[in-house]
Amino acid sequence: MDEILAILQDLHPDVDFETCDTLIDDGILDSFDIVTIIAEISDAFDVKIGAEQIVPENFNSAEALWDLVRRLEDED
Amino acid sequence: MQTNILEYLEKTAARVPDKTAYADDKTALTFREVYENSRSIGSFLSARGIYREPVVVFMKKTPAAVAAFFGAVYGGDFYVPLDDEMPRYRMELIFETLQARAVICDEKTRKVMEQLQFEGEIFLYEDMIRHPEDPEALGRIRSQALDIDPIYVVFTSGSTGVPKGVAACHRSVLDYVENLSQVLGFGEDTVFANQSPFYFDACLKELYPTMMFGATTYIVPKSLFMFPVRLVEFLNRHQVNTICWVVSALTMISSFGTFDTVKPEFLRTIAFGSEVFPIRQYRLWKEAVPQARFFNLYGPTEATGMSCYYEVDREFALDEAIPIGRPFKNTEILLLDEENRRADEGEIYIRGTAVTLGYYNNKEKTAEAFVQNPLNPWYPEIVYRTGDIGRYNERGELVFVSRRDFQIKHMGHRIELGEVEIHAGLVEGVRMAACIYDSENSKIVLFYVGEADPSAVMASLKQKLPRYMLPNRIRQIRQMPFTANGKINRMALKEIDQEN
Numbered sequence: 005m006d007e008i009l010a011i012l013q014d015l016h017p018d019v020d021f022e023t024c025d026t027l028i029d030d031g032i033l034d035s036f037d038i039v040t041i042i043a044e045i046s047d048a049f050d051v052k053i054g055a056e057q058i059v060p061e062n063f064n065s066a067e068a069l070w071d072l073v074r075r076l077e078d079e080d
Numbered sequence: 015m016q017t018n019i020l021e022y023l024e025k026t027a028a029r030v031p032d033k034t035a036y037a038d039d040k041t042a043l044t045f046r047e048v049y050e051n052s053r054s055i056g057s058f059l060s061a062r063g064i065y066r067e068p069v070v071v072f073m074k075k076t077p078a079a080v081a082a083f084f085g086a087v088y089g090g091d092f093y094v095p096l097d098d099e100m101p102r103y104r105m106e107l108i109f110e111t112l113q114a115r116a117v118i119c120d121e122k123t124r125k126v127m128e129q130l131q132f133e134g135e136i137f138l139y140e141d142m143i144r145h146p147e148d149p150e151a152l153g154r155i156r157s158q159a160l161d162i163d164p165i166y167v168v169f170t171s172g173s174t175g176v177p178k179g180v181a182a183c184h185r186s187v188l189d190y191v192e193n194l195s196q197v198l199g200f201g202e203d204t205v206f207a208n209q210s211p212f213y214f215d216a217c218l219k220e221l222y223p224t225m226m227f228g229a230t231t232y233i234v235p236k237s238l239f240m241f242p243v244r245l246v247e248f249l250n251r252h253q254v255n256t257i258c259w260v261v262s263a264l265t266m267i268s269s270f271g272t273f274d275t276v277k278p279e280f281l282r283t284i285a286f287g288s289e290v291f292p293i294r295q296y297r298l299w300k301e302a303v304p305q306a307r308f309f310n311l312y313g314p315t316e317a318t319g320m321s322c323y324y325e326v327d328r329e330f331a332l333d334e335a336i337p338i339g340r341p342f343k344n345t346e347i348l349l350l351d352e353e354n355r356r357a358d359e360g361e362i363y364i365r366g367t368a369v370t371l372g373y374y375n376n377k378e379k380t381a382e383a384f385v386q387n388p389l390n391p392w393y394p395e396i397v398y399r400t401g402d403i404g405r406y407n408e409r410g411e412l413v414f415v416s417r418r419d420f421q422i423k424h425m426g427h428r429i430e431l432g433e434v435e436i437h438a439g440l441v442e443g444v445r446m447a448a449c450i451y452d453s454e455n456s457k458i459v460l461f462y463v464g465e466a467d468p469s470a471v472m473a474s475l476k477q478k479l480p481r482y483m484l485p486n487r488i489r490q491i492r493q494m495p496f497t498a499n500g501k502i503n504r505m506a507l508k509e510i511d512q513e514n
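In the order they appear, the protein sequences are chains A and B. To get the working numbering, take the position in the first sequence, counting from 1, and add 4. To get the working numbering, take the position in the second sequence, counting from 1, and add 14.
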């Protein structure tokens, strides 16, 4: 989870990612951020995020991203 | 001879009045509605004496905003599209340049507008379209309109920190739209999906051919560009057959294996531009949509839109760049060396009717870029100096080489790194700031010296710059590296960036 927070914090140092759960709904993340997050998470956790997983529900909070990573890790 | 872009709308609204012209996920306007609403807006403006001046359209990206654009032109004015995500500070800079007296808002943007420093009048779109049409006033305005009158001003990044407003006239837009449509094969059955924000010239590619042919444009919700499967589903649902998108929007789809799940079924024309399309990604597209024609487009806002095109007709190696090809009809490209002689590699100058009027209320910047044709000492002839370096390849096709200065293309947006640097330098606790562009990873990297916290620097930049200009990495450094002649050493900054 800390790694996810670090990746997000690096993109937007001024956002509180520990509490925010409307990253997509409130337009905090944009398409550039999504591409970066996917690249960094794939690197950091050695998982492959496929197109079907790139949906708003998986990106709305650090928590949701962490759940996604754990699901992907379980699949391996 | 056609001299006014509104003639497109008038012919089309008479021919296919009930066809959908522009639609988004919530609303749609037929050609008749676009025609009637924009004539009402023009009559409203005329009744208030707003004539031959800028009319700011500050609305959500909707079909209504398009009707507002044409409404301003019916009023004999020119429209200036602004975006509700633009920071307040930048909007105020733009208002200062424009000295506008009128702004068209919707219910949502009116609240933002009322908080700005603005002396002029705020008009609501909903009120304006209820205004009775005044055919006599509109007829008078039209009879006095010339094809050299401006129809819009769009703002682009300026290296001095102040955005520059490019003004374009009817004649340039007519020339551009006719020639672009001919090459890309637009027609009445064309169904566009618009990606570009309305405050860029890029949206002309959809808005005007739609009006010209009686085609249809679907405005894609911005959030869909984050979610590739849903984006392709959107294209299929609306049977979109033509897209003119920035490269980053296309690669967002292809690079995540979207085509394994869903493929665009109706696409037949795919135009991309302003950035290099990585061959690997292009191949994925070609494989997924083999029936489509692919076009690489090149051109600056200052020459109305796109100036050159290349239809991809052969295979390219992974390390090759797709050429920008050749100019559209009635446009000439001059490649000039530093002594202003024709060369095989040199700065790209653009000549033709599509060269715009210049930067609004900015004589100095206009004189720097809109210059007398260096090859013609005989009579006045303005050409646009792009600052791009180009060359001809062995097949005689034009190829983009590089920039002459610190202007970059980032996710399809044109950005002067100087503009980012100036605003970073103004943050309290920042003594010096410099930017580089990590083109391999498409990231703007800001370096600064000073005690300010990186999060404070970012928070402050968010107040000043549009989102697409924000640095993607911020690095606090102890000392700025300098070259022997006292300039910031950007090569050294690149090395520092790579080490981390």
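Note that these hints are calculated values from the structure, not bench results. Glycine included, every Cβ here is placed at the ideal spot set by N, Cα and C. Worth double-checking, as some hints may not be accurate.
[To be verified] To list a few chain A residues with every Cβ distance to chain B over 12 Å, as calculated:
hint: 1; residue: Met-5
hint: 2; residue: Glu-7
hint: 3; residue: Ala-48
hint: 4; residue: Phe-49
hint: 5; residue: Lys-52
hint: 6; residue: Asp-71
[Stated by the list, open to error] Here are the simulated distance ranges between beta carbons:
hint: 7; chain 1: B; residue 1: Glu-408; chain 2: A; residue 2: Glu-67; range: 50 to 60 Å
hint: 8; chain 1: A; residue 1: Met-5; chain 2: B; residue 2: Arg-492; range: 49 to 59 Å
hint: 9; chain 1: B; residue 1: Arg-307; chain 2: A; residue 2: Gly-54; range: 46 to 56 Å
hint: 10; chain 1: A; residue 1: Glu-67; chain 2: B; residue 2: Arg-29; range: 52 to 62 Å
hint: 11; chain 1: B; residue 1: Ala-42; chain 2: A; residue 2: Asp-25; range: 42 to 52 Å
hint: 12; chain 1: A; residue 1: Glu-67; chain 2: B; residue 2: Ala-498; range: 43 to 53 Å
Measuring Cβ to Cβ, find out whether Ala-48/A lies farther than 12 Å from everything in chain B.
Correct as stated: the minimum Cβ-Cβ distance to chain B is 15 Å, above 12 Å.
Beyond 12 Å from every Cβ of chain B: is that where the Cβ of Met-5/A lies?
20 Å, holds
If I claimed the Cβ atoms of Arg-307/B and Gly-54/A lie 46 to 56 Å apart, would that claim hold in this structure?
Given a distance of about 29 Å, which is not inside 46 to 56 Å, the answer is violated.
Per the hint of 43 to 53 Å, is the separation of the Cβ atoms of Glu-67/A and Ala-498/B within bounds?
With Cβ atoms ~52 Å apart, the hint holds.
Holds or violated: the 52 to 62 Å window for the beta-carbon distance between Glu-67/A and Arg-29/B?
55 Å, holds
Assertion that Glu-7/A lies outside the chain B interface [Cβ separation over 12 Å]:
17 Å, holds
Say whether it holds or is violated: Lys-52/A keeps its Cβ farther than 12 Å from all Cβ of chain B.
Its Cβ does come within 12 Å of chain B, the nearest being 9 Å, so this is violated.
Minimum Cβ-Cβ distance from Phe-49/A to chain B exceeds 12 Å
16 Å, holds
Between Ala-42/B and Asp-25/A, is the Cβ distance one that fits in 42 to 52 Å?
About 33 Å separates the Cβ atoms of Ala-42/B and Asp-25/A, which means 42 to 52 Å is violated.
Is the distance from the Cβ of Met-5/A to the Cβ of Arg-492/B consistent with 49 to 59 Å?
The hint (49 to 59 Å, Cβ to Cβ) is violated, given that Met-5/A and Arg-492/B are roughly 32 Å apart.
When you take the CB atoms of Glu-408/B and Glu-67/A, is the distance between them in 50 to 60 Å?
With a Cβ separation near 56 Å, Glu-408/B and Glu-67/A satisfy 50 to 60 Å, so the hint holds.
Going by Cβ atoms, does Asp-71/A stay more than 12 Å from chain B at every point?
17 Å, holds
Violated hints, in rising order: 5, 8, 9 and 11; the structure is consistent with all others.
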